[in-house]
Amino acid sequence: MLSWLIWAPLAVGVIGMALPKRLAGLWAIAGTAFVLGMAISLVTGFDTAGGMQQTTDVTWIKGLGVDYSLGVDGLSVFLILLTALIWLPATAYAAFQGQDRPQLFFGMMLLSETATLGAFCAQDLLLFVLFFDLMLIPFYFLFGVWGKDIPGGVTARAATLKMLIYTLVGSLLMLVGAIATAILSAHGGDITFSMRELAAHPLGSGSQYWIFWFFAAAFLVKMPAFMLHGWMPDAYRIAPLPALAVFSAVLSKVGAYGFLRVVLPIFPDATVHFQEIVLVIALAGVLYGSIMAFTQTNLRLIAGYSSVAQLGFITLGILALRPDGANGALLQIGNHGLVVAPLILIIAVVAARTGTDDLREMGGLATRAPILAAVFLIVILANLAMPGSANFIGEFYILNGVFQAKIVYAIVASLGIALAAFYSLRMYQKVMHDRGPEGESRSREISYRESLAVVPLVLCIVGLALYPQLVLKKTDNSASSAVAATCLRGANGEISVANGYGCPGGLPTFGTAPPANPGLELPSAGLEPVK
Amino acid sequence: MSATTWGWLVILLPLLGSITIGLGFRALPERAAGLIGVGAVGLAFACSVAMLISLLGDPAESRHHASSLWDYANAGGLDIQLGIYVDPLSVFMALVVSGVSALIHIYSYSYMQSDRGYRRFFSFLNFFVFSMLLLVLAGNFVLLIVGWAFVGFTSYALISFWYRRETATKAGMKAFVINVVGDIGLVLAAFLIFRELGVFNYEEVFAAAPHHFTTNDGTIVAICCLLLIGAFAKSAQIPFHTWLPDAMEGPTPVSALIHAATMVTAGVYLIARAHPLFELAPTAADISAVVGAVTLIIAGTIAIVVTDLKRIIAYSTLSQVGYMIMGVSIGAYSAGMFHLMTHAFFKSLLFMAAGSIIAAMANEQNIDKISGFRRAMPFTGACLVIGSLALSGFPSTSGFFSKDEILSFATARGGWYTAFGVAGYVGALLTGIYSFRLVFRVLGGEPNDEAKELMDTGHVVHGEPRNPATGQAEDTEVGYPGAEHHIAEQAPGMKIAMGALAVLALFGGIVQIPGLDDLVTKFLEPTFADSVIVPADTTGHEWFGLAIGGVVAFAGIGIAYFLYIARPGTAPALEKRFQGIHDFLFHKWYFDEAIDFLIYRPTIAIGSFANRVFERIVVDGVVNGATDVVRSAGGVVKAAQSGFVRAYALLLFAGFAGLALYFLIVSS
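As you go down the protein sequences, you meet chains A and B in turn. Numbering of the first sequence is given in our numbering, commencing with residue 1 and proceeding in unit increments. Numbering of the second sequence is given in our numbering, commencing with residue 532 and proceeding in unit increments.
FYI, nobody ran anything at the bench for these hints, they're computed from the structure. Bear in mind the structure is a predicted one, so any value in this text is a computation, not a measurement. Some hints here could point you the wrong way.
What the hints assert, rightly or not - Partial selection, computed: residues in chain B whose CB lies under 10 angstroms from chain A: (1) W601; (2) G608; (3) L613; (4) S662; (5) L674; (6) G683; (7) Y687; (8) Y694; (9) A699; (10) T700; (11) K701; (12) V708; (13) F722; (14) S1139.
Built from N, CA and C at the ideal position, the CB exists for glycine as well.
Whenever a hint applies, use it, and build me the whole structure from the sequences.
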């Protein structure tokens, strides 16, 4: 089942290469719709009780201990759905828009879907790394070939190269880290890359400490986190918008997912040890991203910096190392994907009408396009985590986790909420309200085809706002056990330096070593009132 | 049906109305949209009455019911239900909110008729009523925050309803951002409550708090102070008040509904709702009372000098909400809630009358240009006088009973609480002056051109609408009052709503005459039964207070009469004599300027610094350097000279800085 899901997009893409130009887009839409169908059936068939499901385990490279090992649990189930859900409208929008060399464009889009789904399903560390690196290749072409040079500014090629260098450095570090982890934990015996095995027999803390940063670097660049976001502005400026929609909505989340899937379970001591450093980076991302977002006038960059801020929130939630923080982070990963994809598609719609993506040259669009304005408003409200949206619940869980773990970070991070309100609303007002410069009569309503791509996503936002529990009840077990690994380490006393860090009051302490598969055996860690 | 079922209906009806109008905005005729809006809120009021009846059927000690529709978010140890809580306090609020909303909807049905954004208006207005009812009926702190933020959003959407006016969109943004700051206060309070008690439900929180906290425990004081940030931001108390006067950019029914009668009183409701917490934190309650008292006086002083018709009433709202905040903070819960109710009546009446006059003036709001409307608009004028009488606490009007009940509670509680009573009477004097300054200047004096034309021809003047602040021509295409304006004298809908409110403003006080019926107090008793603040019998104090209040009201009105009717030259002379004070008041104590200087400018400065300097170093320095290396493999020498060396030095520097930061964190 999972293999079908992963490889179907690639197969569709390869067949699509042979089709005539006219059909390439429609064929790709059909393919992504099919994948979405599979993903939905995967979610509906998911057993809330937790644990790894739909597992496939085939020995791949025997001598190296690499398995073709797939599976889905509460951490990945909604990410798979999100991937399938975002790729369809983005592909549809791209098809409606019309592309040069469509066969190749959609082939790349579908290849990237395969890579992303693979990264979410992989349960073997090396397989994960390979899928993670595979994601990069199609986007290199999508951005480099179909990107637009900025007149008088950066060229698409230069921007793409910059992105490539950044992520490649991260990826290579991660590859080294993965190999080192497997070799070191084998202790001269049989090498295995199985994440479950690696988590069950963690490395000594000394090794964890340096390998931790190899993985963290890869994930933080992908997000991108503060100080590692240098590739982001140029890439966002030149990228073709449908590709940017999936890139921003899903690929950036693989980094956050990597923390939960790989870093926390396999390097628990290091996570506990470096918790505060990563929290600082995340917090800086929240504040810096927000402040940048409200000084930018380019819509794409506002979306980009706003993503930096949102990914900062998500990282905060994960590194709170508490079940509520992790649940919030997982929910927020989905929420942000659901928000940023329509946001970028709407930017595309707006740019198609005004011929610019600069705020200063816009205004008053709502007069002619009330439906577009309404749709945009819903997206904006979700983006600023308006209470009542699922984004609010995500942020609430995240900040509650951080608040209980490290109160100062939560209080400072809450500034990010106010800033988000300001920059989001500013973006909306400058586009839709007030008065634009000359020629605003060119604006017209969102077209039927465009709304086919955007409106379903907006309906998902609304639906999830009414019932965020839909996601939470399925993530709860896995999220709790992912953070429980770090807690058990800390409380165990096995690694002395970890004592006193992390695992703040409230979580029950477990006296024994972590079970082989924490997901199956740990109850959802309920919080008892302290007194 | 049970009280909670009625409660859910109360919430859902306006939401349904809003969605229907919103989705059908192309298909529905305008009148139908208006009727759906009015009908939905009217039905919500009917359901509120049903909820009241159902609740009264229970014995007093079991008049509280919780109900949950579904698990809203229940994971990781947090349990958040989509639940409501029905008790006398929430029913009282629901009645006031849905009742006044229904009347304002009827008013809007006529008033907004020539506005091109008619359907959008009713969709938002219904959504506001839904949000406000959600706020008052919510059963836990998280859902409270949801309602809290929803009303903030609709307030934004309706302030910037005429979204082609730059003043309106700016004002909307200001309101929204200040309100988000308040939301954050509530969110942090919820986290702290959860840390201490592990729950969000009202019932569980309030039951557990007295066993968990000792009085004036640091944590409970912190919780209450955070709640107060939310309350002050929403109720426009100093220093979070600056958004409210600007909010007058919105259409007048919005000012009446959101920025006078309902939303701005949410802070009062919050303090009353969370009174078990505030009684455990007397320090926080005292802070709140002081802020209320300060606000009521400062706002009163500003209201005396501003010249914008609606902004005078807005400052008066600040001041009156200050009374309520002060009241519920010192323990006068039912008095505070009673004042909330009567204020909703007379303040929305005042706004409606003002709207009628503004329509006759073709959207001119400067009272320097308005005069002599007493004969041109007799009905509107009468309503303006009734509203002002009630506002100044003229004996036997509703405001007379409610305001003085708060003040006599303060004096009865004794000690330093007496000071609050005194502050209240000072404020009452100011109220009398500014409200009758408004009345005398608008109705008295020589009829101006608009008033004359209305008297002579019966037609309302229609000017080319221009924004007085910017001089920009208004865009009537997307919803600014079109060529036709509607005044109460000619529109039955407006007349009905204003008439009903005039009756309530005049006679609403009879439900709570000290020592005679005390209906409000008796009804709310079950909610506040656990209160530990029980002053001695206040009836004697109340009658004494009423006597003082009456005298003060007469004095205030008398001074206004002296200044603006008997000796019309006195006011300008005084302004000249005390130029400094006048300027200070006229600039509203320079709060806007201070906030701009202390918060807005620094943030923008940081942003543009980051943009100009930081991004340039990170992006252009390090990375372009690195890209250069790769790209120009041939031109190694050149790269080594410029980009690479610079990048390397920077990396080295960043590395050291990072290490230093790391050791700082680890060692602390």
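Okay, the hints, checked on the actual structure:
| no. | hint | result |
| --- | --- | --- |
| 1 | W601 | 7 angstroms, holds |
| 2 | G608 | 3 angstroms, holds |
| 3 | L613 | 8 angstroms, holds |
| 4 | S662 | 9 angstroms, holds |
| 5 | L674 | 9 angstroms, holds |
| 6 | G683 | 9 angstroms, holds |
| 7 | Y687 | 8 angstroms, holds |
| 8 | Y694 | 4 angstroms, holds |
| 9 | A699 | 9 angstroms, holds |
| 10 | T700 | 5 angstroms, holds |
| 11 | K701 | 9 angstroms, holds |
| 12 | V708 | 5 angstroms, holds |
| 13 | F722 | 4 angstroms, holds |
| 14 | S1139 | 6 angstroms, holds |
Taken one by one, the earlier hints all hold for this structure without exception.
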